[in-house]
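Here the protein sequences come in this chain order: E and V.
Read in order, the letters of the first sequence are residues 1 to 165 in the numbering used here.
Read in order, the letters of the second sequence are residues 1 to 546 in the numbering used here.
Read the hints as simulated data drawn from the structure, not as lab findings.
All values reported here derive from a predicted model rather than from experimental measurement.
Glycine is no exception: its CB is placed at the ideal position from the N, C-alpha and C atoms.
Misleading hints may appear alongside valid ones.
What the hints assert, rightly or not - Covered stretches of chain E (chain V as the covering partner; in silico rule of three or more C-beta atoms under 8 Å from a C-beta of chain V):
#: 1; segment: 12 to 24
#: 2; segment: 82 to 93
#: 3; segment: 122 to 128
#: 4; segment: 131 to 138
#: 5; segment: 144 to 151
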Amino acid sequence: MPAFTPPPLPSDDKRWKIVNGTMRKNGFARHALIETLHTVQSSFGYLDDDSIRFVARSLRVPLSQAYGVVTFYHYFSLKPPGKHTITVCAGTACYIKGADKLIAAAEKHLGIPQGQTTSDGQISLMTARCVGACSRAPVVLCDGEVAGEMSSEQMLEQLERWAVE
Amino acid sequence: MTIEELEQIAKSVLQENEKYDYEVNVCMDLACASQGSEKLRDALVQSVEASGKKVLVRRTGCMGPCSSGPLVRVDPDEILYHHVQAGNAEAIVTSLGGAPVPTLQCDLNDHFDKQVRVVLENAGHIDPEKIDDYISRDGYKALLTALTEMTPNGVIHRITESGLRGRGGGGYPTGLKWGTVAKAGGDMKYVVCNGDEGDPGAFMDRSVMEGDPHRVIEGMAIAAYAVGASKGFIYVRAEYPVAVSRLTTALREARRRGLLGSGICGTTFNFDVEIRLGAGAFVCGEETALLASIEGRRGTPRPRPPYPAVSGLWGKPTLINNVETYANIAPIVRNGGKWFFNMGSERSKGTKVFALTGKITNTGLVEIPMGIKLREIIEVIGGGVPDGHKLKAVQTGGPSGGCIPAELLDLGVSYDALMAAGSIMGSGGMIVMDDTSCMVNVARFFIEFCMTESCGKCIPCRAGTAQMYTLLSRICDGSATMDDLDLLIDLCDTVKTASLCGLGQTAPNPVLSTLKYFKNEYIEHIVHKRCPAGVCNIQASVEVLA
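Please model the entire structure based on the sequences and the hints provided.
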């Protein structure tokens, strides 16, 4: 069997080298698919067609399987995130303490349903299953920073600050 | 690395610590960190430098009572300060050697007195990024003892003797599982740690992985020796970036010290661990789905048997245990099976860590001996329900568990008692609900969770949870009839009996347990179009009807 040659990097973008590094570290093994997709998402912010194709070819995984994995796991996103991201935790403790009201308030304020980004690309509204900061419920992540015991007013203030940044 | 070398490291850490008159431990766990404990630590370091006192400022994992954070503990005086901000640093440093700062001191004796710390024995006492801190508290002693003084069968015997049961929630006897993997043939075996803490409202495993990562690694290494495995995987949720980074550091340090790798401790035992990231799928907590995910595939479960103990990762015998199970191993090997067996209740031995959250005064991480009454956890350790509200129910086991009503508060916490009450032990989420929570709405919340998280492989779970969600939504908005309720009960039975994996089989539990204890709330919604807790939005439609 001829030795496998991985496909060339899609462009000069240095981030592809990071992605390739993850695959090389795992010997281009098929089971590194999820690890590699994580690297793509952390480098580029999301997964687009080009990146999924590149990873699938490099790991010799059928494109259908790669796409299946991407769409199966909630953590992977096919759309670029907004400049800022607000993530409302929707775990049980947060729910008991009114996370649903926070989500509704954010949806109303931004005029988008959860999982979407405002049309100006400024703010994404996401929900999380549980970030594990249950003792400070309800919890909101502002660009990844945990903010606990959140009220609708505090959250909307943050959204207003972001809207103009 | 030999036991003597290990003891030498421990000794040098203690000698180093003796240079200091005081140790100021700052909790850096998520809850405290989100309230500024990083700045607080910096301020403490600065104040110490300015004062010229001999004080060690240490960053630690979760100390427990998160609602009082940021927390600081001064040793050797064991003074606990709560709600400490950077501005308080100077006052604390000045007070060292004199009387404690009265305004910051917190009295949580009741909270701590009822607890027994086995899994959390190091939490709040060590810097999780320093392997030597762990070694100074008997870390890796159990591994080296097992490797040099015990046979693999001897280790399994000790675990069996301890009566330890799986802490992921199922409660399968750990020794028995290890024995099965050990007996399985083949030259390649795997050890897997399930750190996919998917139960929303639980963070015990996160705190253990972040606060004491070496404990998990040591437990896995002992397990690998016992069952004859040479490769391990820790599967961690991607939502826990700090846990991932702490584990990565811990693995590197363990390799550097020769506690992982080939020929550990001069024996022929080889073992190393890799981290695998989850990607936000609750079903991956199910063991066969977890294995699929480690193999880089969609996390869909498969029928068992064959059990992973016989055919797991890449078809090889695989041992899968939860984070907390592994965290119990080192102390059992160190102190003996009998020591562990003597703690707890008749059929549930040892301790259990719970994440106490919801409508309770002292939220946080608690570790209780099995068999303790639920009432003691809620009223004494948890400090009761705040703001003059009345306790309604305690939810355990997350989406697979149920709600235990206030009347059953004298129940002893054990696998069997919780199951008899219609809930399960679960991984350790314990969410307290008061009279402002609507139990129908809570049931709907969990079913919505299961519906979204269903992998879609089998119909009873995929379609059943969706139909259950529709029925519960109708009850919540006041448009349901009593026939709908009968249909819901029927559907619970179907989903429970016919689903492929644990997710579907247990999904109806929150509905069944709330129906068992709070049926009147369902009837109020359906017949009187009223939500007793005032949560569901049906008040408006009733007024229109009237």
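Each hint tested on the structure:
| no. | hint | result |
| --- | --- | --- |
| 1 | 12 to 24 | violated (count 0) |
| 2 | 82 to 93 | holds (count 4) |
| 3 | 122 to 128 | violated (count 1) |
| 4 | 131 to 138 | holds (count 7) |
| 5 | 144 to 151 | holds (count 4) |
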